[in-house]
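J.: One-letter residues, chain by chain:
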Amino acid sequence: MITAERKPFEEILALVEGHDKVLVAGCDTCVAVCLTGGEKEAEILASELRIKAQADGRTVQVEHTAAIRQCEWEYLDAIADKVNEYPVVLSMACGIGIQSMAEKFAPKLVLPAVNTNMLGMPQEHAVWLERCVACGDCRIGLTGGICPVVRCSKSLMNGPCGGSHDGLCEVKRGDEEIECAWALIHDRLKEQGREELLLEIRPPKDWSLSSSGGPRKMVKEEAKPV
Amino acid sequence: MADAPDPTFEPEIIVFACHYCAYAAADLAGSMRLQYPTNIRMVKLPCTGKLEVIHLLRALEAGADGVYAAGCMEGECHYLKGNLWARKRVDYVKQLLPEMGLEPERVEMYNMSSAMGPRFAEVATEFTERIRALGPNPARRVKEGIRT
Amino acid sequence: MSATEYKAGSNLEKILSAGTFAVTGECGPPKSADGSIIAEKAKLLKGYVDAVNITDNQTAVVRVCSMASGYAVQQNGVEAIMQMTCRDRNRLAMQADILGAATLGIKNILCLTGDHMSFGNHPQARGVHDLDAINLIRMYKDMRDEKKFQCGEEMTVEPRLFIGCAENPFADPFEFRALRLKKKVEAGADFMQTQCIFNVPKFKQWMAEVRAIGLHKEVKILAGITPLKGAGMANYMKKFVPGMDVPDEIVERMAAKEKGEPQQAEGKKLAVEMIKELAEVEGVAGVHIMAVEWEPAVPEIVEAAGLLPRPVVA
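Listed in order, the protein sequences are those of chains A, B and C. Counting in the numbering used here, the first sequence runs from 1 upward without gaps. Counting in the numbering used here, the second sequence runs from 227 upward without gaps. Counting in the numbering used here, the third sequence runs from 375 upward without gaps.
Rather than coming from a laboratory, the hints here were simulated on the basis of the structure. Any given hint could be a false lead.
[Said to hold, decoys possible] Below 20 Å or equal to it, Euclidean Cα-Cα: the simulated SDA-like pairs (lysine to any residue) are:
| id | chain 1 | residue 1 | chain 2 | residue 2 |
| --- | --- | --- | --- | --- |
| 1 | C | 650 | C | 613 |
| 2 | A | 7 | A | 171 |
| 3 | C | 420 | C | 677 |
| 4 | A | 7 | B | 367 |
| 5 | A | 172 | C | 677 |
| 6 | A | 21 | B | 367 |
| 7 | C | 613 | A | 174 |
| 8 | C | 612 | C | 655 |
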């Protein structure tokens, strides 16, 4: 699922500086599931903004709302009345939702309250790990169901590199260790009895199928309304 | 915040107390005729696990100078882990408060058993004095000298 | 062997083809537009090495590029081994750069994955990683042997390259290391340099696995040596450099001497001993001396190891 993390409060304050009528808009799909931008979190952010304003001696009007899914026009219709009351919307949806709101309610100012960060898998409650980067050309059948494009820090097609040690990547995010994707792939293929796949040279990736080739579009002709 | 503490300042404190322990301890404190500050106003919950982050924020937004949750002793929560969730949420709000210009000491989590009438009174007194020393909630609106 | 039988006809290739124990060195270009520094480093090594590696934004720190530095080094009479990582360039730039290098007379190219940006001085940069080292090797091999660009288009004059790769006998998964070298050889590696060796027994174990699949006959293997400047350096490499295997005995041996000159002398002595021992290992075709910021130590070490004079080939 798409995951996002709320921007630091300071950054959000800077974004809405000078605006005294702000609507905080949550989304009850992906960002609600990753506990970042659902109705619950929108209510919390709205309260925080009001508390801060009160502490500063400012008068503001801050309310919250939430769409079932901010990226669907029909669900935005459902909150349109509320949105139209406000000149500024602080959206807690993922980048898709924020852009949809910005387009539907243009030229209204729609600001991002979150950083959409990954296509993440909930490894355990409250922990998400990046698993997919939507490269448009999935070959994970050859790597035991483990994606080397995003789980290998260098997106190697023929890994590991010389930095792999104790099953860990040479790269750390802060203090967090990262598993070496190719060590995992090696172990998985071994488990599957398909180690010989590791000896085949995988050709260079076709990045034109990813967003590197330009923003993508998908159309299902057979499903388009008649 | 005022330069000199206002001697007329009386903290307004909201207490979220659980039915099984803290509220019972409060009843006991009453039966024992123990003195404790009248600054506290109690909200009874079935369990402090029912307390959400937004409740703590709304209390402060409405003008409470301090808020605390009082639940069962850790390991003895009637609903097993409710008081542990409450502690996590209180700790989280403590992290948020400085960003809004409020002191993290304005929220707290306390644990007590239903037999601990004196402890209930002690906590109420301790926390009231803590808030008195901190002064009024910066987010409290003061309109023409009347508290809102 | 006539010129056309060589892949590139570089000094390094000729020496390795003749079966002579080769010696290569390493130079890090400067972090400035001062062209004289690399020339000075080259002059120190002239006559003591058969070719010298010129690193490419090593540890993701920006320095003068390998191609320009390699050219400068060759202008000063030492053959260069240019390095190319996959981190900073896409396949267009990699092909363009190797054509450029060939026009400047550079013949040896070492293909590497490259240290991650997070290690260097520009951690916010976007890592390219269009290709990995194995595909880079194969791409250069096809340019040379098939006269084709990666897209399949033909070229009239191909770059004549002696293609190298690196391998770390001490990284994990250990059991896969020899097989990974096989993949690089299949992709087209002509020579290979290892990560610096301190754990000689483990290296010998790896070489046995390499020999078991006959790789030593298909690729020229140069054993990596880094002379230790002191016990502090040994300790640092042991603890903080990924993929490094520094046995306790080595650290202790260095620490047993006094700091400064005595430890340096011990470091050089150790390097010489290791070179002599590694030269006896079947399948080791040469030594690659990485004297990190200690180039002046190289001539002494090469001489003490009995590797002088270096052959002068036509």
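J.: Which earlier hints can't be squared with this structure?
T.: Checked against the structure, the hints that fail are numbers 1, 2, 4, 5, 8, while the rest are satisfied.
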